[in-house]
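When you get a sec, could you build the whole thing from the sequences and use the hints?
Quick note, the sequence shown lines up with residues 65 to 728 if you use our numbering.
A portion of the hints provided could be inaccurate.
The calculated BS3-like cross-link candidates involving lysine-lysine, where the alpha carbons are at most 25 Å apart (straight line), are [unchecked claim]:
{"#": "1", "residue 1": "K534", "residue 2": "K467"}
{"#": "2", "residue 1": "K278", "residue 2": "K170"}
{"#": "3", "residue 1": "K456", "residue 2": "K278"}
{"#": "4", "residue 1": "K395", "residue 2": "K465"}
{"#": "5", "residue 1": "K534", "residue 2": "K678"}
Worth flagging that the hints you see were computed from the coordinates, not collected in a lab.
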Amino acid sequence: MNSPDLRTPDSTVAASAGPPDAGAPAPPRAWPRRHPWLSALGLLAAGVAILIALWDWNWFKGPIERQVEARTGRKLQIGGNLDVDLGRVPVIRADALSFANAAWAKAPSMASVQRLELAIEFWPLLKGEIRIPDIRLTQPRVYLQSDREHGGNWVFGSGGGELPKFRRIWIDDGRLEFLDPAGKTDLRLDIASREPKREDAAPPVEVAGKGRWKNNPFTLEGRAESPLELRDTVNPYRIDLRAVAGATRAHARGELVDPFHLRDFDLQFALSGKNLADLYPLIGVAIPPTPPYALDGRLRRSDALWRYDGFTGKVGDSDLAGNASVDTAGKRPYLRADLASKRLDFDDLAGFVGAAPQGGRGESTNPELAAQHARQDASARLLPDTPYHLEKLRSMDADVKLKAARIEAPGWPLDDMQARLLLENGLLKLDPLNFGVADGDIRSTVTMDARAATLRTRADIQARRLNLAKLMPGVKLGQDAIGKVGGRIALAGNGNSIAKMLGGSDGSVAVGMGQGQISNLLMEFTGIDVAEILKFKLTGDHKIPIRCGFGDFAVKDGVMTAKSLAFDTSDTVLVGSGTIDLNQETLDLTIRPKPKDRSLLALRTPLLVTGTFKNPNARPDYKRLGLRGAAAIALGAIAPPAALLATLELGPGKDTGCVGHVVN
65 MNSPDLRTPD STVAASAGPP DAGAPAPPRA WPRRHPWLSA LGLLAAGVAI LIALWDWNWF
125 KGPIERQVEA RTGRKLQIGG NLDVDLGRVP VIRADALSFA NAAWAKAPSM ASVQRLELAI
185 EFWPLLKGEI RIPDIRLTQP RVYLQSDREH GGNWVFGSGG GELPKFRRIW IDDGRLEFLD
245 PAGKTDLRLD IASREPKRED AAPPVEVAGK GRWKNNPFTL EGRAESPLEL RDTVNPYRID
305 LRAVAGATRA HARGELVDPF HLRDFDLQFA LSGKNLADLY PLIGVAIPPT PPYALDGRLR
365 RSDALWRYDG FTGKVGDSDL AGNASVDTAG KRPYLRADLA SKRLDFDDLA GFVGAAPQGG
425 RGESTNPELA AQHARQDASA RLLPDTPYHL EKLRSMDADV KLKAARIEAP GWPLDDMQAR
485 LLLENGLLKL DPLNFGVADG DIRSTVTMDA RAATLRTRAD IQARRLNLAK LMPGVKLGQD
545 AIGKVGGRIA LAGNGNSIAK MLGGSDGSVA VGMGQGQISN LLMEFTGIDV AEILKFKLTG
605 DHKIPIRCGF GDFAVKDGVM TAKSLAFDTS DTVLVGSGTI DLNQETLDLT IRPKPKDRSL
665 LALRTPLLVT GTFKNPNARP DYKRLGLRGA AAIALGAIAP PAALLATLEL GPGKDTGCVG
725 HVVN
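What follows is the structure, encoded as structure tokens:
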């Protein structure tokens, strides 16, 4: 019996094959065995990738919070999730962040954000430099507060190391609040980023909000550069903003430097409103009430000096241009201005004397001034009784110059104007206050002392070479009159309104003229010579010589008493007496005509000038009607007052013609 063969076929083949061939090639080894270092690096990368995928990035919240606090001196809290997307430029996402405020600030948090996404450059980070090319904020809230002692809460303590460098920021549904308790100012703005015009530019922001400026409510809207540019105190920050405070509107477009401190800026600044007096609570500059205005110029600041240069515009119905500045370095703001008007509506200056401009069709006014004008019209008084605000006169200093090339004043023969206002510590001086009037001029110096409880005022006014015809624009028979009028007014009074000042004033008023010509018919009307009036009506009027005319009044406690009052022509002499009461605003004058010719129909009755300043009345004295008075002209005592001799236009080489004569 044969035994079974337990060898496998392979072993049988191998046994029959004999010994192996020593020259055959060895089989290839596996990749890890051939590249051990690359294999190890790959395994490490795979392990890191797995670790990153499984890593909880919230572990870094603590180190990040400590780093921020070390660099800023403020605590950062990351209340939500922290995550990182790795790439060439890693992106970090964090939720519910809050950054602490300064210890002295009102709000506990200076900034918070619902979600923060920022890209951070990796290689600079290895060198200790933090560069953030992009940052996106969702519902950020920023609270800024200014303080006289500490500056602003945006000023951080030294923490060693530089702050991160940002390039671009995008804001969704942001809000900025600013508080300045000392300045009674607060602001609340809604902020949202908009696409920039250039791809490489930082996204600008649109803003809209409201608040209070020096305790005055206002609203604000417009467009500004990226908030990241606010940190740059060297390069300008561009804005285009519109603000409204009551009826006052402002439009600022241009550049700011270090905007939180408003240290320097260069803006085109348009300002408009219903009344320049409304600017007092906003900027501390006291200006009398005016009609609506609109100005546009260049607004700049250098330290404590604010300048508004090259502005043009209108105030009421007057054009206005010039330069102005306000220096806030002293105890009081100091306003300096050099103003010019090509066409000045004299009515627009009414606020300077406590009156209101005319209302009605074609006149610029506002509701307050219109109501004041209505009260003036309804009042029986003419002189303005609106009191000056003495606290405003004491609140600032000023040096203001104004030139008007032409004045619009219907019914008044005003030509031009030149004035300079000086105000220092409650003492106001108008020197000069000059007007071109009726081809001549009126030169004035006015001093108002507001340092006491009651305003003390002195006025020295001189009139020279006023054209007689132009002084009577409403008298048809006076249009061809010839002569030059001069005069002087020197008054001093106490009172906080024009009416009060004049109503208790002391001083003198003198006015007069030398030789000239006037309508004979006008003089016959004055003398009520019926026969002569009929003759000139039939044959035509002609001019008669004026020898002189003058009025000299002493003023005591607001009552003007005529010391001498006369008008002498070749045809008639008018002699007057009586009083003008500046306090009661009443007239009580008697004018006695003395015709020099004989006429059977000459009534020779005195004229009584009575009534009030607002409603004067001139009528014959009917009680003496028909009583012919003597017209004897004798040598005597009536002569022009000495104060007028320097102002009268006497004619070449001739005296007044009235010296040494009296009219009885």
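Verification of the supplied hints:
no. : hint           : result
1   : K534 with K467 : holds (22 Å)
2   : K278 with K170 : holds (19 Å)
3   : K456 with K278 : holds (16 Å)
4   : K395 with K465 : holds (22 Å)
5   : K534 with K678 : holds (22 Å)
Hint check: no violations occur; every hint is consistent with the structure.
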